[in-house]
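Asker: Sequence:
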Amino acid sequence: MTFSAVILSQQPASHRVRHLLFWSVFLLYFYFQSIHPQAFTDLSKPYLYRNALINVFGFAPVCVVVVYCFRAYMLPLVKTKNYTRAVLLFFGMYLGATALNCIAAQIVFRNVTQHTPVDTSFLRTVDAASWNARWAVIVGFITMGISLARDWYLQTRANVAMLELNAKAEMRIEKSRIHPEWLFRALDKINTAVRTHTPSSTAMILNLSDLLSYSLYESDDDLVPLEKELLGLHHLVSLEQCDKNDSFYVIVNIEGDTDNKHIEPMSVINRVVQHITDVVRADNLPCNMQLHFTVIDSHLVLHSKLLCENNRNESILEWKLSDLPERTAGHKTYQHAV
Numbered sequence: 173m174t175f176s177a178v179i180l181s182q183q184p185a186s187h188r189v190r191h192l193l194f195w196s197v198f199l200l201y202f203y204f205q206s207i208h209p210q211a212f213t214d215l216s217k218p219y220l221y222r223n224a225l226i227n228v229f230g231f232a233p234v235c236v237v238v239v240y241c242f243r244a245y246m247l248p249l250v251k252t253k254n255y256t257r258a259v260l261l262f263f264g265m266y267l268g269a270t271a272l273n274c275i276a277a278q279i280v281f282r283n284v285t286q287h288t289p290v291d292t293s294f295l296r297t298v299d300a301a302s303w304n305a306r307w308a309v310i311v312g313f314i315t316m317g318i319s320l321a322r323d324w325y326l327q328t329r330a331n332v333a334m335l336e337l338n339a340k341a342e343m344r345i346e347k348s349r350i351h352p353e354w355l356f357r358a359l360d361k362i363n364t365a366v367r368t369h370t371p372s373s374t375a376m377i378l379n380l381s382d383l384l385s386y387s388l389y390e391s392d393d394d395l396v397p398l399e400k401e402l403l404g405l406h407h408l409v410s411l412e413q414c415d416k417n418d419s420f421y422v423i424v425n426i427e428g429d430t431d432n433k434h435i436e437p438m439s440v441i442n443r444v445v446q447h448i449t450d451v452v453r454a455d456n457l458p459c460n461m462q463l464h465f466t467v468i469d470s471h472l473v474l475h476s477k478l479l480c481e482n483n484r485n486e487s488i489l490e491w492k493l494s495d496l497p498e499r500t501a502g503h504k505t506y507q508h509a510v
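So for the sequence shown, my numbering puts the first residue at 173; every next one is plus one.
Simulated from the structure, these hints should not be mistaken for lab results.
Keep in mind it's a predicted model, so treat the numbers as computed, not measured.
All clues given are correct.
No more than 27 Å apart at the CA atoms, straight line, and that leaves these computed lysine-lysine pairs for DSS-like:
no.	residue 1	residue 2
1	Lys361	Lys400
2	Lys400	Lys340
3	Lys477	Lys361
4	Lys477	Lys400
Label-pair distances were calculated between CB atoms; the ranges are:
no.	residue 1	residue 2	range
5	Thr174	Ala375	52 to 62 Å
6	Arg190	Pro218	29 to 39 Å
7	Phe262	Ala339	37 to 47 Å
The C-beta atom is built at its ideal place from N, Cα and C for all residues, glycine as well.
Whenever a hint applies, use it, and build me the whole structure from the sequences.
Answerer: The structure is reproduced here in structure tokens:
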């Protein structure tokens, strides 16, 4: 079990280990800071270490009680922003710790060994009790701060994990989402082609099947090979043009090294689908669409030209690619027209 797992885990075993570790460190510190030699030679005298041990056993129990009172009562008030009650509780715990430490101080004073008589007056007792009560409260605030910081970190990590999960879910939805208008039109074209026994109906069905298979089942990863994305684009354009009767001519030109390049799935296809849908919806046919893709370093650049009877425009889009070791450069051109 790693240290971070012990600190952050919600398991009861890790909870006990955290508390044991904290109190071990604290009691060791308490013990060593209770050693007060008057001279360097005093370090060899056993009573010095016995006094420190008596001091620990006398005042540490009150500190433990205060710390767990902070966790049990003060911490919920701070979390709910009930600061008035938290302040009142703070003073109450401080006074209570001082009262308990007065009893502890009398026990300690009666058992420690000193070269000079121990001052057991009321003022000395209250001073020692108040001093140790202040330390108990400080430790209580420290543990409360640690608990708040831990809860904040766990909540932040959970929020980040939830955001990542939502982002991945949205990405999967976006990847699998093909423009509904285009999809319905494609299905309608296939239905018409099948009923009229058009020779291209089989190719249309296969193209749509390959495209949907890629969209729904082959694009679960954050990145897919660029060649697979462009192959899906090839199926898309082939299917889209099957019934345009030479009124919609598309050239898909791919230049550069597409090997060992990766891209977000469906990012190019969805953009081209939207582009085609806008053209068909505007009823600007006949049209000549040129989609020129260029792989430049770690980017895929699309230079789109649309030449229609009543509309002419150009646009440039860019996608970031993941870089893998390059092998060969190539130049590919797909021309589609019916």
